[in-house]
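Protein chains in written order, with the numbering used here: chain A, 1 to 351; chain B, 1 to 325; chain C, 1 to 263.
In case anyone wonders, no lab produced these hints; they're calculated from the structure. A portion of the hints provided could be inaccurate.
Pairwise CB distance ranges (calculated) [claimed, not checked]: (1) B:F163 with A:T141: 50 to 58 Å; (2) C:T121 with B:A184: 18 to 26 Å; (3) B:L271 with C:T121: 25 to 33 Å; (4) B:L271 with A:A102: 52 to 60 Å.
Keep in mind the model is a prediction, meaning the values are calculated, not measured. For each residue, glycine too, the CB sits at the ideal point set by N, CA and C.
As a plain string of letters, each chain reads:
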Amino acid sequence: MSLRARTLGIAAMGTALALLAAACGTSSPSTTSTSTGVTSSTKPSSLSIGFILKPVSNPYFAAMNQGAQAEAAKLGVPLTVDAASNLADAAGQANALSALVAHGYSCYIANPVDSTNLVQPLLQARSQHKPIVNVDLPISTSAAQAAGLQLATYIGTDNVAAGKLMATQLASMLPSGSQVAIIGGLASDPTSQARIKGFNEGAAGRLDIVQTVAGNWDRATALADATSIMETHPNLKAFFVANGDMALGVQRAIGTVGKQGKVDTTAIIGDTAVLQEVKAGTMAAVVEQFPYTIGALGVEACTAAAQGKHLPASVATPAEVVTQSNASQALAAFPKPFQSFSDPFTSLLGH
Amino acid sequence: MLSNRLPTWQGARLLGSRPDFWSNWTALIALAVLCLVFGIGASHFLSAGNVEDVLTESAVLVILAVGQSFVILTAGIDLSEVAILTLGAVLLGEVVTHAGGLGIGFACLAAVAGGAAMGLLNGLTIAKVRITDFIVTLGALGVASGLALVLTSGTPTQITSNFLLRLSTGSVGPIGYPVLVAVAVVIAGHWTLFHTRFGAHVLATGGDREAARAMGVRIDRVRIAVYLISGILAGLTAVLYTARIGAAEPAPDTTLLLDAIAATVLGGVSLFGGRGTILGPAVGAVLLTALANGLTLMAVSQFYEPLVVGLVVVGAAGLMRYQRG
Amino acid sequence: MDVGLGQEITKPATPALALEVDDLTKSFGGIVALDGVSLWAARGEVTAIVGDNGAGKSTLIKCVTGIHRPERGTIRLAGHDVDLSSPEVARKAGVETVYQDLSLVDDLSVVQNFFLGREDTCSLGPLRWLDRRGMARRVAELLSLLSVNVPSPSARVRRLSGGQRQAIAIARAATFGSHLVIMDEPTASLGVQETVRVENVICRLRDQGVPIILISHDMQQVLRLTDRVWVLRGGRLAGGGPTGGLDGEQLVALITGVKDRPA
Numbered sequence: 001m002s003l004r005a006r007t008l009g010i011a012a013m014g015t016a017l018a019l020l021a022a023a024c025g026t027s028s029p030s031t032t033s034t035s036t037g038v039t040s041s042t043k044p045s046s047l048s049i050g051f052i053l054k055p056v057s058n059p060y061f062a063a064m065n066q067g068a069q070a071e072a073a074k075l076g077v078p079l080t081v082d083a084a085s086n087l088a089d090a091a092g093q094a095n096a097l098s099a100l101v102a103h104g105y106s107c108y109i110a111n112p113v114d115s116t117n118l119v120q121p122l123l124q125a126r127s128q129h130k131p132i133v134n135v136d137l138p139i140s141t142s143a144a145q146a147a148g149l150q151l152a153t154y155i156g157t158d159n160v161a162a163g164k165l166m167a168t169q170l171a172s173m174l175p176s177g178s179q180v181a182i183i184g185g186l187a188s189d190p191t192s193q194a195r196i197k198g199f200n201e202g203a204a205g206r207l208d209i210v211q212t213v214a215g216n217w218d219r220a221t222a223l224a225d226a227t228s229i230m231e232t233h234p235n236l237k238a239f240f241v242a243n244g245d246m247a248l249g250v251q252r253a254i255g256t257v258g259k260q261g262k263v264d265t266t267a268i269i270g271d272t273a274v275l276q277e278v279k280a281g282t283m284a285a286v287v288e289q290f291p292y293t294i295g296a297l298g299v300e301a302c303t304a305a306a307q308g309k310h311l312p313a314s315v316a317t318p319a320e321v322v323t324q325s326n327a328s329q330a331l332a333a334f335p336k337p338f339q340s341f342s343d344p345f346t347s348l349l350g351h
Numbered sequence: 001m002l003s004n005r006l007p008t009w010q011g012a013r014l015l016g017s018r019p020d021f022w023s024n025w026t027a028l029i030a031l032a033v034l035c036l037v038f039g040i041g042a043s044h045f046l047s048a049g050n051v052e053d054v055l056t057e058s059a060v061l062v063i064l065a066v067g068q069s070f071v072i073l074t075a076g077i078d079l080s081e082v083a084i085l086t087l088g089a090v091l092l093g094e095v096v097t098h099a100g101g102l103g104i105g106f107a108c109l110a111a112v113a114g115g116a117a118m119g120l121l122n123g124l125t126i127a128k129v130r131i132t133d134f135i136v137t138l139g140a141l142g143v144a145s146g147l148a149l150v151l152t153s154g155t156p157t158q159i160t161s162n163f164l165l166r167l168s169t170g171s172v173g174p175i176g177y178p179v180l181v182a183v184a185v186v187i188a189g190h191w192t193l194f195h196t197r198f199g200a201h202v203l204a205t206g207g208d209r210e211a212a213r214a215m216g217v218r219i220d221r222v223r224i225a226v227y228l229i230s231g232i233l234a235g236l237t238a239v240l241y242t243a244r245i246g247a248a249e250p251a252p253d254t255t256l257l258l259d260a261i262a263a264t265v266l267g268g269v270s271l272f273g274g275r276g277t278i279l280g281p282a283v284g285a286v287l288l289t290a291l292a293n294g295l296t297l298m299a300v301s302q303f304y305e306p307l308v309v310g311l312v313v314v315g316a317a318g319l320m321r322y323q324r325g
Numbered sequence: 001m002d003v004g005l006g007q008e009i010t011k012p013a014t015p016a017l018a019l020e021v022d023d024l025t026k027s028f029g030g031i032v033a034l035d036g037v038s039l040w041a042a043r044g045e046v047t048a049i050v051g052d053n054g055a056g057k058s059t060l061i062k063c064v065t066g067i068h069r070p071e072r073g074t075i076r077l078a079g080h081d082v083d084l085s086s087p088e089v090a091r092k093a094g095v096e097t098v099y100q101d102l103s104l105v106d107d108l109s110v111v112q113n114f115f116l117g118r119e120d121t122c123s124l125g126p127l128r129w130l131d132r133r134g135m136a137r138r139v140a141e142l143l144s145l146l147s148v149n150v151p152s153p154s155a156r157v158r159r160l161s162g163g164q165r166q167a168i169a170i171a172r173a174a175t176f177g178s179h180l181v182i183m184d185e186p187t188a189s190l191g192v193q194e195t196v197r198v199e200n201v202i203c204r205l206r207d208q209g210v211p212i213i214l215i216s217h218d219m220q221q222v223l224r225l226t227d228r229v230w231v232l233r234g235g236r237l238a239g240g241g242p243t244g245g246l247d248g249e250q251l252v253a254l255i256t257g258v259k260d261r262p263a
């Protein structure tokens, strides 16, 4: 092999490695920390928080991360964040948490990929006598009890309630008995299951649910599924979609087959793209969750717990219905709730 | 063996002399069986509207399968194909967002160029630096996905473009534009493989690399070229994919890569290289798309879908194996 | 040229010589593989190069096919001095080799293998495509000329017998080897019947004037098939001459170095 070819090849590999190094920051276990150097009203604490998250490539969890970072900066507490590499990466996330625990923090916030994958690493945290705050996806109580794991608190949206809220809203907008189809996330995802369960409960007796499919949290899959479902059920009146990204895909499918205005899309969401659609009137109604708030509350809770305060067993973060009438309000307040919400940790933290 | 029992008429003699007849046509036969099953089980499966939808939907996978075929035919593999698609989509989005004045055409070109660059990088590293293709393309998968995430900070970018909208929804009669693009790629791929010197060298490189080298085939160039082709086609599919969903998404659909490889193998391309066609993988891609579509139409429970898909894929591969004897 | 066989070796007039090797020397590290070897091969003849393992046969062949470059000595093809710096250069100079592994791609057809690396193409403007029909025709003609029997030119090489594959490889080398065709143990792995068939092909090639160099361990084959034989021993030329006047024992004696018994 000629010298020139080899040089070219090595240059190519070098470029690849450089790019890989640069890209290493975000796709897999990412580590971001806020320094205590940020000015805040509280004096810099010796506290530190470790937060294990679902992938930040998903806007919902990106918002959660943002909320946590902002609150940590405000409180002057160093925060280290690590994330799963994809929405189904149970083992990888557990490994990442083990690494955090090995490093040692004053308190841990855990948003697990499923209800049991973080139980083992969290036991290690428990053995260090550090408090654990569970956010968003609830850790299975039976698994926790069996392992002897105690959680300081659970903070999250009641997904069942959110699903029910969405169904109630939709039923009020459609004639009784209208055909509706559900597009969920990954079939095995408890968040998706909870939302679907809630929707089913709320729709019972009022709406006719003709089909439930798994969209796998993927926009293109949701688009394809919605197209097929509309083929099979020409009288379909609406879709209930388990997240905002998929909802945009469903909307596109509706537009492509020319049923804009005839088929509604509703979803449980946490980002602005969908809110814009609601404001524009192209999406009928959504239930907005506030992952930003979940993240912020998580940090507050952890700080309080690390200071030895006793936390409420669970805190439900708001889920609010957004229709065209209050969409502007929602957008203005984004990412925070636009209806009043009392933060239970403010008093605990003493400010 | 089945081919021994073929009737001895003209056509059969022609076919019988090609022992891979059955493996090449397995995908088509499986597709026919599928159409039969779903046609009976789901009333809308064979409706004109649904057939159009399935074909349009399969365009992306068909083109990815063609790219993957060229690579696998040289006894290589490209694990980064879908990640390059993602990167291409993100590049398209970035151009639209930050340099909108350059026009959508330039943005699409950026996607294809990005794909070509990654493909070239893959090819050079594999052929010249001599690192095995599995590792290199696995690394490229990480690099491309990572770059996509870095450029977008993880958030999808909505893309509103009349051109892209027309591309994904427009059609010539009942045939959607994406289908036409896919067909063009398949024809070009088939012609290149079987009617050009380069194609003959691709088959030789995969069939017996040392023999080909001994006969003066430029192995390195061929290997670089196939990865370049795969990258360019991935960039092209980025345009189609973005047009279809209306956004540049930085989080790739991980099943798409396995589907592309499965479509290629179901289409009769040997993973050891040197044997296969372009038409086969194209049919394989349509098969997999139709399968998912049919299962949705039949309202198969979401918990059963992966199971059924897996069984069908193994079944089809088994059929191929049995026929080959 | 003294070659110790008690026979005169007369070099024919130069234009008839397909290959001339003069004082060829090649070492690897401290080992001298070839030490001043001089020999030649004429058109219309099958020339054998024999010797024990390690005698320098393969090194000599590798020098002639451009894999190694000799430290000293010259190589002449059809009277012209050549510098065979790479296998590609040697191929272009008209030297074709049929190695023991045949360099055939199993999954490709006879035609595809035949023209591998030098496919015939048609062109129209910037487009260039394979002339599949033309190549198939040429192969069919060539094979019938050499009476090589294959099911069809489009048959995959995988389906051919060992002898058929050997014949294809030889026919390919003969087609493109304008100056020299070298065959390394062509019938080593074949049965009796197939060996006969392949030897017939070789003879037919010779009759058409193709210069052939044969490397073989089979003394009977050498005596049967070749017109001239060169013996290498320990990197040097131990002897050589027309095959007609030799018998097996003399050949073996030259190869192993046991002195001739007095006549």
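Against the structure, the hints come out as follows:
no.	hint	verdict
1	B:F163 with A:T141: 50 to 58 Å	holds, 53 Å
2	C:T121 with B:A184: 18 to 26 Å	holds, 23 Å
3	B:L271 with C:T121: 25 to 33 Å	holds, 30 Å
4	B:L271 with A:A102: 52 to 60 Å	violated, 40 Å
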